[in-house]
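S.K.: Read off the chains here:
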Amino acid sequence: MINLSEHSQTNELTTISEISKVSSVKAISALSRMLQRPVGIEPLSIELCDMDDLHLLPKHNDVIISTFIPVKGTIFGASLLIYPEESALAICDLLLNRVSGATQVFDDIEKSALLEIANICIGNYLTAFSESLQIHLMTHQIAIFDQGSLAYLNSQITHLFLNANKKSSIKLCLNFHLNNAKGMLIFLFDKKEITFSLMKLIDKTCMSR
Amino acid sequence: MGNISYIKRTETIDLRNYFNEWNTTPIIKLNMKGEVASLNLAVRALFPDLISQNKQHPLIKGIIEEIVHLVQYSSEVIIFMREVSYLNYIFEQQIFATPGNDSINIYMKDITHFKQLDLHVINENDIAQQVIQDQEHQIQLLQIKLEQLQNRLSQDSVDMLERIESADIGTWHWDILHNIITLDEKAKKALNLTTEKHIFNYENLSQVIHPEDLPALLIKIKDSANNGVCESELRFYDHEGQVFKITVRGKIVRSGHQPIRMSGIVYKKI
Chain A
43 MINLSEHSQT
53 NELTTISEIS
63 KVSSVKAISA
73 LSRMLQRPVG
83 IEPLSIELCD
93 MDDLHLLPKH
103 NDVIISTFIP
113 VKGTIFGASL
123 LIYPEESALA
133 ICDLLLNRVS
143 GATQVFDDIE
153 KSALLEIANI
163 CIGNYLTAFS
173 ESLQIHLMTH
183 QIAIFDQGSL
193 AYLNSQITHL
203 FLNANKKSSI
213 KLCLNFHLNN
223 AKGMLIFLFD
233 KKEITFSLMK
243 LIDKTCMSR
Chain B
56 MGNISYIKRT
66 ETIDLRNYFN
76 EWNTTPIIKL
86 NMKGEVASLN
96 LAVRALFPDL
106 ISQNKQHPLI
116 KGIIEEIVHL
126 VQYSSEVIIF
136 MREVSYLNYI
146 FEQQIFATPG
156 NDSINIYMKD
166 ITHFKQLDLH
176 VINENDIAQQ
186 VIQDQEHQIQ
196 LLQIKLEQLQ
206 NRLSQDSVDM
216 LERIESADIG
226 TWHWDILHNI
236 ITLDEKAKKA
246 LNLTTEKHIF
256 NYENLSQVIH
266 PEDLPALLIK
276 IKDSANNGVC
286 ESELRFYDHE
296 GQVFKITVRG
306 KIVRSGHQPI
316 RMSGIVYKKI
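Chains as they are written, first to last, in the numbering used here: chain A, 43 to 251; chain B, 56 to 325.
Just so you know, the hints here were simulated from the structure itself, not pulled from any lab data.
Please note that a few of the clues may not be correct.
Sample of chain A residues facing chain B (criterion: CB under 8 Å; computed from the structure) [as the list claims (entries may be wrong)]:
{"hint": "1", "residue": "V67"}
{"hint": "2", "residue": "I70"}
{"hint": "3", "residue": "P80"}
{"hint": "4", "residue": "G82"}
{"hint": "5", "residue": "E84"}
{"hint": "6", "residue": "H219"}
In silico negatives: residues of chain B with every beta carbon more than 10 Å from chain A [to be verified]:
{"hint": "7", "residue": "S93"}
{"hint": "8", "residue": "H124"}
{"hint": "9", "residue": "S130"}
{"hint": "10", "residue": "I133"}
{"hint": "11", "residue": "M136"}
{"hint": "12", "residue": "Q210"}
Please read these numbers as outputs of a predicted model, since none were measured by experiment.
Note that beta-carbon positions come from the ideal geometry of N, C-alpha and C, so glycine has one too.
For reference, chain A alone in the conformation it holds in the complex:
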């Protein structure tokens, strides 16, 4: 016998994954245009997360560079661009037209450059994503740069969701590579709100037929 709830959940994840693929292409195209470099993307991963047991990345002890932008609008969420330290430095070299290896520390200009990338990638992704779902999504005006342990970032995101009484989320993860750098684009959307938006869209589509 088919477990209906499990079946519909799989369908839901597949639909969101397909919408996300299109949005990811928009985001990475914008990144490539900005850096004037080709960017390779790995297959998009999507999973349902219990916010009490969130793992942004499998290895928790790494020191990472992250830019975090809260997502507001119809769906509560969070968006992150995460890089290993050496990759973030390499991207700063590219953005600031420096020779490879010239950037050693993250001063104001380097932080600003990385936040600009986050704004462009996340903004493009959310525009395409919200257009597909016919909802309103926007990035919060606050963009946060962080250099530190992934475990700490993990706990911050967990608290953000739990404080807003969001118990579960859908996590979308996109790995990308460019030159000798790599990074990860992560989106977390509140499960209940995204399901509701999707149902509403299906209803609208059915009504229009």
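Given chain A, work out where chain B should sit, using these hints.
M.R.: Showing chain B alone in chain A's frame:
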């Protein structure tokens, strides 16, 4: 009822190729070696030399070299946006390489017009910046000039005050509406007034003016309402009843047609 004829298709239609063929966007398809695999109608019409030049064509050259190093990663798709100049046109190429399918799709967009607009905006911006700089320079010059004039005015005021100081000239002010006459120390001295007060009125002062001079003074004050300036030589009585001569000069200030105040100087006639 007419005859209906069916065309029997003998080959399978590749939908993607079919739509690419009729798409007005130039679409180039390469394999992962960088060789042309297929071109849609728009490309064939716009760039007929592309087939003959193949890998060496400026629209294709350099793509493989740029993306080849990313193939080593488990990239599903490699996305590359670049701008290429060709035959006085600028194209933006959206390149989607899928190593798993051994294919690279290049979608081209003519952005020459946008680039020209960009250049135009940059030029206009430069011109505007130049105008702003010129205006700022003009403002700076005017500010320097204003500062010089203020210094000169301030120096003139100091000079004038010094002259008044050294010339034993007193100043007075008559609020006509409230009939209040204010005299400074030197004016009081010129009029031989021993009182401590500085505030008087017309009636107070007319008592110490020689009665024969009063009618002429009144006429002059009345005239000054028209020509603005009043100058008169008057005889005054001091507290011991001695007569002395003074010169008084003043200018009337109006609000509309109404005289509201008069200010001037007074000094002893030697």
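S.K.: Could you check if A:V67 really has its C-beta closer than 8 Å to a C-beta on chain B?
M.R.: Check passed: Cβ of A:V67 comes within 7 Å of chain B, closer than 8 Å.
S.K.: Was B:S130 rightly flagged as not at the interface, with every chain A Cβ beyond 10 Å?
M.R.: B:S130 is in fact no farther than 10 Å from some Cβ atom of chain A, at 3 Å.
S.K.: Should the label of B:M136 as a non-interface residue stand, given a Cβ cut-off of 10 Å to chain A?
M.R.: 4 Å, violated
S.K.: Once the shortest beta carbon distance from A:P80 to chain B is found, is it less than 8 Å?
M.R.: 4 Å, holds
S.K.: Are A:I70 and chain B close enough, Cβ to Cβ, to be under 8 Å, as the hint says?
M.R.: For A:I70, the interface hint holds, since the closest Cβ of chain B sits about 5 Å away, which is under 8 Å.
S.K.: Verify that the Cβ of B:Q210 lies farther than 10 Å from every Cβ atom of chain A, and report whether the claim holds or is violated.
M.R.: Fine: 49 Å to the nearest Cβ keeps B:Q210 off the interface.
S.K.: Grab the minimum C-beta distance from A:G82 to chain B and call the hint holds if it beats 8 Å, violated otherwise.
M.R.: At 3 Å from the nearest chain B Cβ, A:G82 passes the 8 Å test, so the hint holds.
S.K.: May I ask you to check that B:I133 keeps its beta-carbon over 10 Å from the closest beta-carbon of chain A?
M.R.: Non-interface label on B:I133 violated, nearest chain A Cβ at 4 Å vs cutoff 10 Å.
S.K.: Over 10 Å to the closest beta carbon of chain A is the bar; see if B:S93 clears it.
M.R.: 21 Å, holds
S.K.: Beyond 10 Å from every chain A Cβ: check whether that's true for B:H124.
M.R.: Violated, because the least Cβ-Cβ distance between B:H124 and chain A comes to about 8 Å, which does not exceed 10 Å.
S.K.: At a threshold of 8 Å, is the proposed contact between A:E84 and chain B supported by beta-carbon distances?
M.R.: 6 Å, holds
S.K.: For the restraint on A:H219, tell me whether the closest CB of chain B is nearer than 8 Å.
M.R.: 5 Å, holds
Violated hints for the displayed structure, listed by number in ascending order: 8, 9, 10, 11.
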